[in-house]
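Residue numbers (my numbering), protein chains in the order written: chain A, 1 to 329; chain B, 1001 to 1122; chain C, 2001 to 2149.
Calculated from the structure, these hints are not laboratory results. All C-beta atoms in this analysis are idealised placements derived from N, C-alpha and C, irrespective of residue type, glycine included. There may be inaccurate statements among the hints.
[Stated by the list, open to error] In silico SDA-like links for lysine to any residue, alpha-carbon gap of 25 Å or less: (1) C/K2077 with A/F8; (2) B/K1028 with C/K2077; (3) B/K1055 with C/M2143; (4) B/K1120 with C/G2073; (5) A/K65 with A/L173; (6) B/K1055 with B/L1013; (7) A/K65 with A/K216; (8) A/K315 with B/L1108; (9) B/K1010 with B/W1059; (10) B/K1085 with C/G2147; (11) A/K295 with A/I6; (12) A/K183 with A/L248; (13) A/K242 with C/G2012; (14) B/K1120 with A/P308; (15) B/K1085 with C/G2073; (16) C/K2077 with A/P153; (17) B/K1030 with A/N193; (18) C/K2021 with C/Q2005; (19) B/K1122 with C/S2045; (20) A/K122 with A/P153; (21) C/K2052 with B/K1122; (22) A/K216 with A/K295; (23) A/K56 with B/L1108; (24) B/K1010 with C/G2012; (25) A/K183 with A/K216; (26) A/K122 with A/F8; (27) A/K49 with A/F8; (28) A/K309 with C/K2111; (29) C/K2052 with B/Q1081; (30) A/K183 with A/K56; (31) C/K2077 with A/K238; (32) A/K315 with C/F2009.
[Claimed, not checked] Partner residues aside, some chain C positions facing chain B, computed with beta carbon under 10 Å: (33) Q2038; (34) G2083; (35) T2086; (36) A2114; (37) G2128; (38) I2145.
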Amino acid sequence: MKTEIIKFDNVFLNQTAAVVGSKEKEGPLGDKFDSFCEDDRFGQDTWEKSETEMVKRTLEALLTKSDYDWKDIDLLAGGDLLDQCIATSHAVNNNGIPYLGLYGACSTAAEGLIIGSAFAEKGMVVGTLASSHFCSAERQFRFPLEYGSQRTPTAQNTVTGCGSFLLSQNKSLVRITEAVIGKIQDNGISDANNMGAAMATAAIDTLTRYLQNSGKNVNDFDLIATGDLGHEGFELAKEYAKSTGLILGDNFMDCGMMIYDLNTQDVQAGGSGCGCSASVFAADICPRIADGELKHVLLIGTGALLSPKSIIQNKIIPSVAHLVCFERC
Amino acid sequence: MQIDYLLILKAFLIGGILCVIAQILIDKTKLTPAYILVGYVCSGVLLNGLGIYPKLVKWAGAGATVPLTGFGNTLAEGVKQAIEKDGAFGIIYGGISATAAGITAAILFALLWSILFKSKNK
Amino acid sequence: MNRKQYIEFAEGRAKRTSSLKNCIWAFITGGMICVIGQLLFFVYSTFMKDEKSAYSLASVTLVFLAGLLTGLGLFDKFANFAGAGTLVPITGFANAVASPAIEGKSEGYIKGVATQMFVIAGPVIVYGSASSVIYGIIYYIYMVIAGNI
Chain A
1 MKTEIIKFDN VFLNQTAAVV GSKEKEGPLG DKFDSFCEDD RFGQDTWEKS
51 ETEMVKRTLE ALLTKSDYDW KDIDLLAGGD LLDQCIATSH AVNNNGIPYL
101 GLYGACSTAA EGLIIGSAFA EKGMVVGTLA SSHFCSAERQ FRFPLEYGSQ
151 RTPTAQNTVT GCGSFLLSQN KSLVRITEAV IGKIQDNGIS DANNMGAAMA
201 TAAIDTLTRY LQNSGKNVND FDLIATGDLG HEGFELAKEY AKSTGLILGD
251 NFMDCGMMIY DLNTQDVQAG GSGCGCSASV FAADICPRIA DGELKHVLLI
301 GTGALLSPKS IIQNKIIPSV AHLVCFERC
Chain B
1001 MQIDYLLILK AFLIGGILCV IAQILIDKTK LTPAYILVGY VCSGVLLNGL
1051 GIYPKLVKWA GAGATVPLTG FGNTLAEGVK QAIEKDGAFG IIYGGISATA
1101 AGITAAILFA LLWSILFKSK NK
Chain C
2001 MNRKQYIEFA EGRAKRTSSL KNCIWAFITG GMICVIGQLL FFVYSTFMKD
2051 EKSAYSLASV TLVFLAGLLT GLGLFDKFAN FAGAGTLVPI TGFANAVASP
2101 AIEGKSEGYI KGVATQMFVI AGPVIVYGSA SSVIYGIIYY IYMVIAGNI
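Chain A on its own, in the form it takes in the complex:
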């Protein structure tokens, strides 16, 4: 039979860490992050180096909080938005850990957790991470930072943040039990200023696949969180789900809307980027599962797979959404 749902019997989430920028610190989850940087530079002279430094600090925080040392880690899997994942590659340079670079756009956090869980199931100790930085992403995908332009309300604000997770078979309070790998699809949206609309259908399709094959329904979960649909994509996803007969209630949320206060912070439709779902899960949701506040949580990591060239060429945006199921032991 075709495998729709991947089941993990023995994968535990041992530790999480997240480091963010100033805007994220000012947001509703501000107090929960491990550390932040006031000017988003992390003491570096280029934005690319800043992102690398942020990734380094996140990994340091992860190891400091856990009982592990660099030499205990069997695999590090992670990525970011910069072309060819340079921020992550530079951050793990010379630390002697086998490394897999990942690119899943904003779905990288979920992609990393799925790949990490597969290796952890084999008995390895795996670190995963996903990072994005507003300034380096803006340079790459949009305009120079000082360029004066008006943002459309459907555009999203790239999160400056890095979240990392430590997975192994060593028992802890949080388990990763199931995952669904998303299928790439496009729904005809090509507007890079409306990525939420491009990703909304992918999120719902992955969720539907999971529910149909697992026999569960949406009320079995305390929280179903999409990665970074933003306000626009979130509303579209609900409408689209309704048209397929799936009613999503109050337990359906979006990390891109949780990380900022959309009313007071100038972030248009909300947060986006690899660091969005990664830092929200690492700093807020996973600790809440460990505390017992949440027992059964789904992460649907959404990714808009566009490149600077594909934006200029007006190509349709292929999207993907990976699902990860967290359970309190």
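With chain A fixed as given, assemble chains B and C onto it according to the hints.
Then chains B and C, alone, in the frame of chain A:
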């Protein structure tokens, strides 16, 4: 110093209207700012050819010279004068030489700012 | 919902910025920038006889000021509500040249600053000069036919 208050008012009016037209184009069509700027410069050349823009410069002063259509107008004005002076050869150098001050200033100052400043987080 | 219906639905509900508010801001800021240009012209005409040169110098001054505000990190904040009001005047051109130049510094002065300087404003120069050449050709033919050359 002579200050023509009516001219200031007219500059405000024409400059404002030219900006509003671009704003409507940005909001209502899918044109990005780069297309608007190119469109404005080329329109300036065209409006000079039709004899409209020089009259607008006379009437509204900086209201017509400061917007990018004014840049197009200067290009066209320059090519015309160069042709009258040097014939066909003027076609090649007229435009850019008339706008050299603006272009060189933009390049030189940009170089200066890049030495003095660093980009900031938003 | 099929693909076509979804695109229509998504594009239909995508909020556009309030155009009236944008237009009012564009009018006021664009008008004010031109007024500053006009005042500069009055100052410069006290020592410059040629009107065209005085207007030209006024524009150069605006290029300087817009670049300075760009470097100080204020221009983009201003442009966020001014929209076309700062884009259309020569200030928009200056910002489009200065902002990639400042940012290009991380790749060095040759490969960064100089290479990236015209990444946004380049088309203005390219199509501006191209259209002036086309206009020049037409004007030349007209002059020949009219017997002036």
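Hints and how they fare:
1. For the hint linking C/K2077 to A/F8, the alpha-carbon distance of about 49 Å lies beyond 25 Å, and the restraint is violated.
2. Note on B/K1028 and C/K2077: the hinted pairing holds, with a Cα-Cα distance of about 23 Å set against a maximum of 25 Å.
3. As the CA atoms of B/K1055 and C/M2143 are separated by approximately 21 Å, the hinted pair is consistent with the 25 Å bound.
4. About 6 Å separates the Cα atoms of B/K1120 and C/G2073, which keeps this hinted pair within 25 Å; it holds.
5. For the suggested pair A/K65 and A/L173, the alpha carbons sit about 15 Å apart, so the restraint of at most 25 Å is met.
6. This hinted pair checks out: B/K1055 and B/L1013 have alpha carbons roughly 15 Å apart, not beyond 25 Å.
7. Distance hint between A/K65 and A/K216 is unfulfilled; the C-alpha atoms sit about 35 Å from each other, more than 25 Å.
8. For the hint linking A/K315 to B/L1108, the alpha-carbon distance of about 36 Å lies beyond 25 Å, and the restraint is violated.
9. For the hint pairing B/K1010 with B/W1059, the CA-to-CA distance comes to about 7 Å; that is within 25 Å, so the pair holds.
10. Using a Cα cut-off of 25 Å, the hinted pair B/K1085 and C/G2147 holds, with the two alpha carbons roughly 15 Å apart.
11. Proximity of A/K295 to A/I6 is assessed by CA-CA distance (about 20 Å); at most 25 Å being required, the pair is judged to hold.
12. Distance hint between A/K183 and A/L248 is fulfilled; the C-alpha atoms sit about 21 Å from each other, no more than 25 Å.
13. Distance check on the hinted pair: A/K242 and C/G2012 sit about 18 Å apart at the alpha-carbon level, within 25 Å; holds.
14. Between B/K1120 and A/P308 the CA atoms are separated by roughly 22 Å; this keeps the pair inside 25 Å, and the hint holds.
15. Only pairs whose Cα atoms come within 25 Å are accepted, and B/K1085 paired with C/G2073 is rejected, the gap being roughly 45 Å.
16. For the hint linking C/K2077 to A/P153, the alpha-carbon distance of about 16 Å falls within 25 Å, and the restraint holds.
17. Restraint check for B/K1030 and A/N193: the C-alpha separation of about 11 Å stays at or below 25 Å, so the hint holds.
18. Using a Cα cut-off of 25 Å, the hinted pair C/K2021 and C/Q2005 is violated, with the two alpha carbons roughly 31 Å apart.
19. Between the alpha carbons of B/K1122 and C/S2045 the distance comes to roughly 40 Å, so the proposed pair goes past 25 Å and is violated.
20. The straight-line distance between the Cα atoms of A/K122 and A/P153 is roughly 45 Å, outside the 25 Å bound, and the hint therefore fails.
21. For the hint linking C/K2052 to B/K1122, the alpha-carbon distance of about 39 Å lies beyond 25 Å, and the restraint is violated.
22. Proposed proximity of A/K216 and A/K295 is supported: the alpha carbons are some 15 Å apart, at most 25 Å.
23. Simply put, A/K56 and B/L1108 have alpha-carbon atoms about 39 Å apart, too far for the 25 Å limit, and the pair is violated.
24. The straight-line distance between the Cα atoms of B/K1010 and C/G2012 is roughly 39 Å, outside the 25 Å bound, and the hint therefore fails.
25. A C-alpha spacing of about 20 Å is found between A/K183 and A/K216, which places the hinted pair at or below 25 Å, so the restraint holds.
26. About 10 Å separates the Cα atoms of A/K122 and A/F8, which keeps this hinted pair within 25 Å; it holds.
27. For a cut-off of 25 Å, the pair hint linking A/K49 to A/F8 is broken: about 36 Å separates their Cα positions.
28. Taken as a hint, the A/K309 and C/K2111 pair is honoured in the structure, with Cα atoms around 20 Å apart against an allowance of 25 Å.
29. A distance of roughly 13 Å separates the Cα atoms of C/K2052 and B/Q1081; the hinted pair therefore holds under the 25 Å criterion.
30. Of the pairs offered as hints, the one joining A/K183 and A/K56 is violated, with about 31 Å between alpha carbons and a cut-off of 25 Å exceeded.
31. Using a Cα cut-off of 25 Å, the hinted pair C/K2077 and A/K238 is violated, with the two alpha carbons roughly 34 Å apart.
32. A hinted pair counts as satisfied when its Cα atoms are at most 25 Å apart, and A/K315 with C/F2009 qualifies at roughly 19 Å.
33. Here the hint on C/Q2038 is kept, as its CB sits about 4 Å from the closest CB of chain B, short of 10 Å.
34. The beta carbon of C/G2083 comes within 5 Å of a beta carbon in chain B, closer than 10 Å, and the hint placing it at the interface holds.
35. The beta carbon of C/T2086 comes within 8 Å of a beta carbon in chain B, closer than 10 Å, and the hint placing it at the interface holds.
36. Hint status for C/A2114 relative to chain B: holds, with the closest Cβ pair at about 8 Å, below 10 Å.
37. At a threshold of 10 Å, the smallest CB-CB gap from C/G2128 to chain B is about 4 Å, leaving the interface hint in force.
38. Hint on C/I2145 is violated. Least Cβ distance to chain B is approximately 13 Å, over the 10 Å limit.
Hints 1, 7, 8, 15, 18, 19, 20, 21, 23, 24, 27, 30, 31 and 38, counting from the list given before, are not met by this structure.
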